[in-house]
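Participant: First to last, the protein sequences are chains A and B. Using my numbering, count along the first sequence one by one with no gaps and you end on 216. Using my numbering, count along the second sequence one by one with no gaps and you end on 244.
What the hints contain is simulated information worked out from the structure, not anything from laboratory work. Careful: at least some of the hints might be erroneous.
Straight-line alpha carbon distances no greater than 35 Å define the calculated DSBU-like cross-link-like pairs of lysine-lysine that follow [said to hold, decoys possible]: (1) Lys190(B) with Lys8(B); (2) Lys125(B) with Lys22(A); (3) Lys8(B) with Lys29(A).
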Amino acid sequence: MAQESTGPVRRQIQLPFSEAIKISFQSLKIRFWRSMITTAGILLGIAFFVAVLSGSEISQAMSKRETIVTTIDNPQAEGVSAQQIWLIVMSLIVCVVGIANSMLMAVTERFREIGTMKCLGALNRFVVELFLLESGFQGLTGAFIGSLVGFMSIMLLSLKDYGLDLFRSFPDYILGILMYMGIACFLGMILAIVGAAGPAYRAAQLPPAEAMRVEL
Amino acid sequence: MTSDITVKTEGVVKEYRMGGTILQALKGVDLEISRGEYISIMGPSGSGKSTLFNMIGALDKPSRGTVYIDDLNLLELSPAEIAWLRCWKIGYIFQTFNLIPVMTALENVTLPMIFAGISSEERRKRGIKLLEKVGLGERADHKPTELSGGQQQRVAIARSLANNPSIILADEPTGNLDLKTGRDIISLLKEMNENENVTIISATHDLKMLDVSDRVVYIRDGMVERIKAREELDIEVGKVEGQE
């Protein structure tokens, strides 16, 4: 039966990327609401990030248009203020801490699963890969929706300030905002991966016997 | 290179640090297990049988001493080689079944085949065949939570056979099952042992297990107390079975 048992054959152990994606998607789907909460954390942080940056982009574009009409006493027109940068950085830090926390929980409650996977031949890096994929998905999804939310809300706010002029100068600021949204999506994914890396790496290092001994 | 001995332990010691004191779970175990044998490791809780099980299964490293599986010294293997061994050579069965809860029965069975690099059609074919072998052919798409304990353990057995291992390690496989289901699982293991010549090593304190074992290793206080062959056991089993 054991056709591989003779000789020191070293077949490479592998986890094809498509399979890894399938498995991590499954894990997210089954814990849908929990994943949504983690995702919502990123969503809010990124929405704030995009809203602040887009707000300054819009006000710059609008002030260029209205230079003759209004004097530049609008502080927003000078770009992103130091206070706003401070707020953005804080909100992103809260994001990372939130993700690290929920990943810590997600990893801890799945110690047994991790141990089992290693019994079945998984390498440590498969375990890390699966968790990073999971959190990367959450990060990307949260950041994508978050940047849309941020953009929409700043548009609504600006509509109040500038009226329909806002839409007339749409081409002046939309490229800048799209760029910020792209940066935000990337940033959200990276932050999520950074937050998950620690817990995932630590869990993967455990010998399977120890991982499976954990009772929860 | 291949001898008749498939698992060998030499002076295996395992120490756990508990606060300031060192606890010796295993105090030097020497054991040889032949290919195709059905071995039961018996002993009371805390005797070290699960620890020994973990050492043999490459699930944990001994503090001292060596473990050989098919003449490979586990201490000299890289993590990738250990993973290879776990994937190809050894099938594991646990008391708590340890199926991956988010996966269906079939996906659980085919997971080790993914690691082994088997194509997806082949995986499906083999997975279904294994599930049929354990009598769960029509339950392939059920999640573990939709299966009874006995059925989950059957899936676990099918999974342990995924890559045609030469050794199956079973840690209290009947511990969470009722008498009859436990008996079914044991006869299933015996069947694998007889038909496929798989070596079965089982840590247990289920007396039903003795009936089918070729040898029984008694562990007490981290040491091998005695080893008995089946012939020496028959009378004892008859005696104790009545008490169940």
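Participant: Each of the hints needs a verdict: does it hold here or not?
Facilitator: Checked hints:
1. Lys190(B) with Lys8(B): Judged against 35 Å, a Cα distance of about 22 Å means the pair holds.
2. Lys125(B) with Lys22(A): Measuring from Cα to Cα gives roughly 19 Å; hence the hint holds.
3. Lys8(B) with Lys29(A): 44 Å, violated
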